[in-house]
Amino acid sequence: MKEIELRLALVLYGGVSLAIYMHGVSREVLNLVRASKVRLERKSRAGSAPTQQTAQPPAQRAFQDLLDLMSSAADIRVVVDAIAGASAGGVNGIMLARALAHDLPLDSHSRMWLENADVTRLARPQNGLSRYLKMSVSPVLDRLVSSRLSKKIESTETREKLRQFMQARWFSPPFSGERFTGWMLDACEKMDGAGRHGATLIPRGQTLDLFVTLTDYNGIKRRIHLDDPDYVEEWDHRRILNFHAVHRTQGYLDSQFERENIPELVFAARATSSFPGAFPPSTVPEMERVLARRKQAWKQRDAFLSRALGLNAETSGTHCFVDGSVVMNKPFAPVIDVIQGRPAARKVERRLIYVDPAPVERTENTRNPTEVPGFFRVILASLAHIPRNEPIGDDLKELEANNRRSRWLSRLIDAAAPMVDQAVGGLLPKRKTITTDVVSECRHKATVAAFEQAGFAFLNYQSLKLHALAERLARLACDIGPGEDDRNREDSYLSAFSEHLTGLATAGADVLGRTDPNVVNALRSLDVDYRIRRLRFAVRKLNGFYDHYRGSGLTPADPDALDQLKGLIYEQIDHLSWRWNRQFYGSRCRALTEMLRENGQTEDGQTGPHIERFLDGLSKMMGLRDLDRLQDELFAQTARELLDKDRHASLLQSYVGFGFYDLITFPVLQRNDFAEVTEILVDRISPRDAESLYTDDFDLKGKSLNTFGAFFNRAWREHDYLWGRLNAADRLVSIVLSTAKGDTLPLASLNQARARIFLAILEEERPHLKEIPDEIERVDQLIRSVYPDFAHVLEDV
1 MKEIELRLAL
11 VLYGGVSLAI
21 YMHGVSREVL
31 NLVRASKVRL
41 ERKSRAGSAP
51 TQQTAQPPAQ
61 RAFQDLLDLM
71 SSAADIRVVV
81 DAIAGASAGG
91 VNGIMLARAL
101 AHDLPLDSHS
111 RMWLENADVT
121 RLARPQNGLS
131 RYLKMSVSPV
141 LDRLVSSRLS
151 KKIESTETRE
161 KLRQFMQARW
171 FSPPFSGERF
181 TGWMLDACEK
191 MDGAGRHGAT
201 LIPRGQTLDL
211 FVTLTDYNGI
221 KRRIHLDDPD
231 YVEEWDHRRI
241 LNFHAVHRTQ
251 GYLDSQFERE
261 NIPELVFAAR
271 ATSSFPGAFP
281 PSTVPEMERV
291 LARRKQAWKQ
301 RDAFLSRALG
311 LNAETSGTHC
321 FVDGSVVMNK
331 PFAPVIDVIQ
341 GRPAARKVER
351 RLIYVDPAPV
361 ERTENTRNPT
371 EVPGFFRVIL
381 ASLAHIPRNE
391 PIGDDLKELE
401 ANNRRSRWLS
411 RLIDAAAPMV
421 DQAVGGLLPK
431 RKTITTDVVS
441 ECRHKATVAA
451 FEQAGFAFLN
461 YQSLKLHALA
471 ERLARLACDI
481 GPGEDDRNRE
491 DSYLSAFSEH
501 LTGLATAGAD
511 VLGRTDPNVV
521 NALRSLDVDY
531 RIRRLRFAVR
541 KLNGFYDHYR
551 GSGLTPADPD
561 ALDQLKGLIY
571 EQIDHLSWRW
581 NRQFYGSRCR
591 ALTEMLRENG
601 QTEDGQTGPH
611 IERFLDGLSK
621 MMGLRDLDRL
631 QDELFAQTAR
641 ELLDKDRHAS
651 LLQSYVGFGF
661 YDLITFPVLQ
671 RNDFAEVTEI
681 LVDRISPRDA
691 ESLYTDDFDL
701 KGKSLNTFGA
711 FFNRAWREHD
721 YLWGRLNAAD
731 RLVSIVLSTA
741 KGDTLPLASL
751 NQARARIFLA
761 ILEEERPHLK
771 EIPDEIERVD
781 QLIRSVYPDF
791 AHVLEDV
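Each residue of the sequence shown is one higher than the one before, starting from 1 at the first, in full-length UniProt numbering.
In short, the hints are calculated from the structure, not lab data. Treat the numbers as computed from the prediction; the structure is a model and nothing was measured. Ideal Cβ placement from N, Cα and C applies to all residues, glycine included.
Here are the simulated DSS-like pairs of lysine-lysine, each with C-alpha atoms no more than 30 angstroms apart in a straight line: (1) Lys190 to Lys299; (2) Lys221 to Lys299; (3) Lys741 to Lys43; (4) Lys295 to Lys190; (5) Lys397 to Lys741; (6) Lys445 to Lys620; (7) Lys43 to Lys347; (8) Lys445 to Lys645; (9) Lys432 to Lys445; (10) Lys703 to Lys397; (11) Lys645 to Lys430; (12) Lys445 to Lys430; (13) Lys645 to Lys43; (14) Lys620 to Lys465; (15) Lys645 to Lys347; (16) Lys465 to Lys445; (17) Lys741 to Lys347; (18) Lys347 to Lys397; (19) Lys190 to Lys770; (20) Lys347 to Lys465; (21) Lys645 to Lys432; (22) Lys465 to Lys397; (23) Lys770 to Lys703.
Here are the in silico distance ranges between beta carbons for each label pair: (24) Asn403 to Glu594: 39 to 47 angstroms; (25) Arg588 to Ser176: 44 to 52 angstroms; (26) Glu594 to Thr435: 40 to 48 angstroms; (27) Tyr231 to Glu258: 38 to 46 angstroms; (28) Asn403 to Arg588: 39 to 47 angstroms; (29) Tyr231 to Ser525: 32 to 40 angstroms.
Using the sequences and the hints, build the whole thing.
Shown next as structure tokens:
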């Protein structure tokens, strides 16, 4: 059976009250991932006694039935490994990331949105004098609301709350940031109360990354080096916070979404959604006041402020942050960057899904305005509307270029394989047992042969490797350095390391730069990334063993053995990756970095002995040669025990001959991942794309009142939340079907599965969405009219 890992990367736009729609989308993404995990656990227990499990919600069971139905075409595992959000999308991204990292429910956040996201609860308290003075203009406001908005807003509740809202403090943000912070803290803490200790929806060996955009009102001064003048300085107001969780080994999750991380996660949510004019700017003192009233500690405060925001005790009290959408409302770039370096457990189908609650309407002519915009309209558009609608074309063009490069690279690897196998086949012994020493010796000989045969191409390859290593070392020196200003010294570190490594490469080398033992030793003792690429290339080879046996005369591989071997390889990758983490190094390396910071380059531009001492101390700490020995043993002995003879020989040839592949692929790829050389397809979730239940007159309520509409009406919030779930379910079913090539399955079965999911969502929400019984009944009838042959499925849910 074909096994596919469906990788989802999510981008969540900003949209003020449309956050409630996006929360509904998040609920269905979580349901699908959890259904996939439960199904995988059930499959792994086949033939053994079942474990006691809590009852699954109806929608989750319906998604599990869909995946079971797909299994005749492909066995699909669904994983979310990257999320990026801005403003309202950032808040929902944080919620979803916590739920995925620790297998937590989102029910408490649903209640928060439906109950608290209302102007009467969000509004800041006002003093009696302010309210008394504004009572004099109440009749004017009443006439304004009645005459200007009566046609657009028929709801009495909405008009009344809008009138109250307009009587709130003038020239002051009407919403309370501290109230919102408190509600988020409550909701996050309730999540943990309903979770299971040690649970996670992140597969072993994989990482979940969350990116949240902020706008730093104060900004950070960046120095840019020029020819003349030597440098200029500019203010950078864009901040992208990164939280991640790594499922390193079974039962061990290195996570920044733990209970003790809740304060910084909520601070990020408050800051990214601090819509200018609606909320006051977010500050660290505000967060501290809320925590102090709750008698709640912020254990990771200093580490978070230093790592993520570059703030210390002096600057943290004066910095303030506003809505992330001001500088980046559609954060594709960080997601695209991180997913290009992800390892794969199985064959991967990669989807980048972006959630756009209010897509641009398709019209005949949108480029010829009928009137010149007025004074306030231009200001509003310049400050809010235009920045929030920056085009995504550049990001998607970059993605398409990456897809072309991936297709070309896959063909290049396949074309080079026969030549590499021929070159390496003569090195590996045919009859005697291949020991660890034999693998080490053959690997060294193959690498030397590859470099000797490379000709002038070796110059480009070595130059790229040395530059990449210098960048890594500079970044690491900044991370482990004791000085507050080390993060601003990366350029000078890079210059010093580049100068040193380039000097080694040119001293005593032949015309092709291949004979200098100093360069060989430097790379051998410091080049972590080469080893990571080599292991991930081996994983790519193993992935081909799952179903690439037809026509080869081989028997099907044992997937459990392949999983076990890849798990061991991932552990080695994790050991190597840990070498680029500041936590790996102790006080001695920090002292060496301090010496590096104080000395810099000599007056004549040459690097001094402090560079050599730093690199020597670093290489001893890394211990890469010991890891080389462990990895050679893994491929020589463990792989032989887990694989049949032919597959073991094929894997060894790829591992031993990796130097050949790296010569032709690294100058093109210039990153460490070989395991996911695959295309990244893009999908959108919006009310316009979910066609199964779409009607022409449909629209989200939260789009009204300049996207603040849902804050004025509980029924509107329930409406948008329900349709967020329904739209997401519709789109996710379509994505699963296209991944499995499910068009070969019976249409009747597919329709029944889709109808079952829709009706399950309605059943779950009927007891909670008390304000929209008519809408729920209308949707129920719509489902039954679209799928008339499956009206009975509700009774089976």
